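Please work from the sequences and hints to get the whole structure.
Sequential numbering from 2 applies to the sequence shown in our numbering.
Take the hints with a grain of salt, since some may be wrong.
[What the hints assert, rightly or not] Pairs of lysine-lysine residues, derived as PhoX-like cross-links and limited to a Cα-Cα distance of at most 20 Å, are as follows:
| no. | residue 1 | residue 2 |
| --- | --- | --- |
| 1 | K170 | K141 |
| 2 | K208 | K197 |
| 3 | K170 | K197 |
| 4 | K135 | K104 |
| 5 | K135 | K208 |
| 6 | K170 | K138 |
| 7 | K141 | K208 |
[Said to hold, decoys possible] Pairwise CB distance ranges (calculated):
| no. | residue 1 | residue 2 | range |
| --- | --- | --- | --- |
| 8 | D163 | L109 | 36 to 44 Å |
| 9 | P54 | A111 | 20 to 28 Å |
| 10 | Q75 | G136 | 35 to 43 Å |
| 11 | D151 | P54 | 17 to 25 Å |
| 12 | G113 | T168 | 20 to 28 Å |
| 13 | V65 | K208 | 23 to 31 Å |
What the hints contain is simulated information worked out from the structure, not anything from laboratory work. Just so we're clear, the structure is a prediction, and the values are computed from it rather than from any experiment. Even for Gly, the Cβ is constructed at its ideal location relative to N, Cα and C.
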Amino acid sequence: MEKLGKLFAKFRSKKFRQIFLAVFLLVILIAGGVFYLKREGRVFIDDSLVEAPIISLTSPAPGVLNESDVTEGQAVHIGDQLAVVGTQVLRAQTDGIIIEANKELGSLVAPGTPAVQMINPDDFRVVATLDENKGLKDIKVGQVASFTVDAYPGQTFWGYVDEVSPTAKQTQLSFSISSERPTQQFDVYIRFDSFKHPQIKNGMSAKAVVYTNTN
2 MEKLGKLFAK FRSKKFRQIF LAVFLLVILI AGGVFYLKRE GRVFIDDSLV
52 EAPIISLTSP APGVLNESDV TEGQAVHIGD QLAVVGTQVL RAQTDGIIIE
102 ANKELGSLVA PGTPAVQMIN PDDFRVVATL DENKGLKDIK VGQVASFTVD
152 AYPGQTFWGY VDEVSPTAKQ TQLSFSISSE RPTQQFDVYI RFDSFKHPQI
202 KNGMSAKAVV YTNTN
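Printed below as a string of structure tokens:
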């Protein structure tokens, strides 16, 4: 009890409190420095999506849909017959996966109206949408990037910046309350090896990190 009393008295002393406060502040500063270093050279982009460009198969002339030879989710190879519109046979121009197919046989298909839509997994990219004032100026083609997808928590996938959109997404604007100036958003495209990660599907939500000190 006597030792405990002495310790309590020491804790109540002004000098001890000053030392304790100094150590506490030092720990806070070190923790803040580590956090800063971890974020330095990185741009975090939460608004991201796994996408591939849609390939639309259309007939140059109007015609009746006589055949529909594929279904959604089906893998096809270059040259495969996909549909017949009038006398026009629509064939796959590349390997890919069917994402939509008109199955209404006998219906009229207008020129330019897709009879079949597909994607090429080779073209899978993470499309990350970033506000112009959130580090866009530091992002360059070729920089290393990582991303996670909501469907597979805890897994990190790697790629690189393949493209930075040269123009803003005019349809999506956010406004600053203080200045009422619109904040433009740009797309950053991250390429990855889709064959190494077949579990990643078109349309999955993602979060990306670009390492701006890698290029």
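Hint by hint, here is what the structure shows:
no.: 1; hint: K170 x K141; in the structure: holds (18 Å)
no.: 2; hint: K208 x K197; in the structure: holds (19 Å)
no.: 3; hint: K170 x K197; in the structure: violated (31 Å)
no.: 4; hint: K135 x K104; in the structure: violated (45 Å)
no.: 5; hint: K135 x K208; in the structure: holds (15 Å)
no.: 6; hint: K170 x K138; in the structure: holds (16 Å)
no.: 7; hint: K141 x K208; in the structure: holds (18 Å)
no.: 8; hint: D163 x L109: 36 to 44 Å; in the structure: holds (39 Å)
no.: 9; hint: P54 x A111: 20 to 28 Å; in the structure: holds (22 Å)
no.: 10; hint: Q75 x G136: 35 to 43 Å; in the structure: holds (40 Å)
no.: 11; hint: D151 x P54: 17 to 25 Å; in the structure: holds (22 Å)
no.: 12; hint: G113 x T168: 20 to 28 Å; in the structure: holds (25 Å)
no.: 13; hint: V65 x K208: 23 to 31 Å; in the structure: violated (46 Å)
Checked against the numbered hints given earlier, this structure breaks hints 3, 4, 13; the rest are met.
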